[in-house]
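Based on the provided sequences and hints, a complete structural model is requested.
Residue numbers for the sequence shown follow our numbering, so the first one is 823 and each next one is one higher.
Keep in mind the hints are simulated off the structure, nothing from the lab.
Check the hints yourself; a few may be wrong.
[Claimed, not checked] Pairwise CB distance ranges, derived in the manner of DEER restraints:
hint, residue 1, residue 2, range
1, Leu881, Ala1183, 22 to 30 Å
2, Ile1184, Ala1109, 54 to 62 Å
3, Arg1065, Trp871, 35 to 43 Å
[Said to hold, decoys possible] Here are the simulated lysine-lysine pairs, DSSO-like style, with alpha carbons at most 30 Å apart:
hint, residue 1, residue 2
4, Lys912, Lys865
5, Lys1095, Lys912
6, Lys865, Lys1124
7, Lys1027, Lys906
8, Lys875, Lys1027
9, Lys1027, Lys912
10, Lys1124, Lys867
11, Lys867, Lys1095
12, Lys865, Lys1163
13, Lys951, Lys1124
14, Lys875, Lys865
15, Lys869, Lys1124
16, Lys906, Lys1095
17, Lys869, Lys1163
18, Lys869, Lys1027
19, Lys951, Lys869
20, Lys867, Lys1163
21, Lys1163, Lys875
As the structure is a computational prediction, the values presented were derived from the model and not from experiment.
Backbone N, C-alpha and C define an ideal beta-carbon position, used for all residues, glycine too.
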Amino acid sequence: MSTHELYTGPPGASDWQVPSAGSARFSWEYDEGRDRLLALYQKGKDKQWDGAKRIDWDLEVDPLDPLGTPDESLSLYSTPHWAKMTERDKGELRKHYASWQFSQFLHGEQGAMVCAARIVESAPDLDAKFYSATQTMDEARHAEIYARFLHEKMGMLYPINDNLQSLLGDTLRDSRWDMPYLGMQVLIEGLALAAFGMIRDTTDKPLPQQILAYVMQDEARHVAFGRMALRDYYKQLTDAELREREEFVIEGCYLMRDRLRGVEVLENFGIPKAQAEEYSEQSEFLALFRQLLFSRIVPCVKDIGLWGIRLQRAYVDMGVLELGDASLDQLMTQDEEIAEKLDAERFAAEERERVTEVRGAIAAGGAPD
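Encoded structure:
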């Protein structure tokens, strides 16, 4: 079945073309490189995995409750519309919200793949090109996985959100080589990591939990890469150049915050856009959710050296300034450990099943005729 048949609304043209800007850069220095980035490149090679094999796609998913979403987290909860909904209607609402979330994850991963390829092309240093090549493969795997989940388990997709598309376009059209790092590695990937983590840590559904845990294990490396590369480069920039990047971050953060309302979902349930926006703004759960989504972005922005007064004021306005003191290293270590623990538990369970089967076969073979 064509993906276009599963979209809830017209996704526009079959492809989106963003004019390329900037220069492709070659480096003829093959011996030298930053030890940290080369170590990350080695880790990127060692940690490659196959989404068709590592994830248990035989696990069932209930499309009407794919994530175990509590009623209170839905923006229609406690509104007059909610009181009129049947249990089936509420299940359809959960399906639409999960499809919307995972569709944006999918579109973002394709954007990350294109940005990683752009970094391979435009980064001046060979060590950065090496690592970005491994990330391009990671992002392709993530897009493959999210697309499979939406096609096989949900049977529904949403078009890319306008604000996400706008930020992607701004990131790709900029001719400065560091902007794909800043737009994708710091903003879009940072936001995605926080969203993945909140769903991973709250869902009781095994398949989405596996998908998110394994994707986050890769994403932890990607954010580390962006931090290393940009921290080194931004030490060399003038105050004026740093302020330009801070303005980009401010605009991008407002776009990402406004992206997270899920208004498109409510519109599909016949609720006018203005009313849908009001419901989303009034939802206490969504307000907390949007704030927590910046838990990865704010400390990363501070870490790479973008912390001017205008940027801090913007974060005060968003209510997220205090997140700048969070430990990214600790968060990324947790992401690695959760994926490894999940693997260990799955393999232990499979081993117990094999032992039981073998013992059963031995017992059956030794039984008298």
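Quick rundown of the hints versus the structure:
1. Leu881 / Ala1183: 22 to 30 Å: holds, 26 Å
2. Ile1184 / Ala1109: 54 to 62 Å: holds, 59 Å
3. Arg1065 / Trp871: 35 to 43 Å: holds, 41 Å
4. Lys912 / Lys865: With a Cα-Cα distance of about 44 Å, the restraint between Lys912 and Lys865 is violated, given a limit of 30 Å.
5. Lys1095 / Lys912: Answer holds: Lys1095 to Lys912 is near 19 Å, not above 30 Å.
6. Lys865 / Lys1124: holds, 25 Å
7. Lys1027 / Lys906: holds, 28 Å
8. Lys875 / Lys1027: Distance of about 19 Å is within 30 Å: holds.
9. Lys1027 / Lys912: Within the cut-off at roughly 18 Å; holds.
10. Lys1124 / Lys867: holds, 29 Å
11. Lys867 / Lys1095: violated, 46 Å
12. Lys865 / Lys1163: holds, 18 Å
13. Lys951 / Lys1124: holds, 24 Å
14. Lys875 / Lys865: Since the Cα atoms of Lys875 and Lys865 sit roughly 20 Å apart, the hinted pair holds (cutoff 30 Å).
15. Lys869 / Lys1124: holds, 28 Å
16. Lys906 / Lys1095: Satisfied, since the Cα-Cα distance of roughly 19 Å is no more than 30 Å.
17. Lys869 / Lys1163: Cα-Cα ~15 Å, so holds.
18. Lys869 / Lys1027: holds, 25 Å
19. Lys951 / Lys869: holds, 18 Å
20. Lys867 / Lys1163: The given pair, whose Cα atoms are some 21 Å apart, holds under the 30 Å limit.
21. Lys1163 / Lys875: With Cα atoms ~17 Å apart, Lys1163 and Lys875 stay inside 30 Å; holds.
Checked against the numbered hints given earlier, the structure breaks hints 4, 11 and satisfies all the rest.
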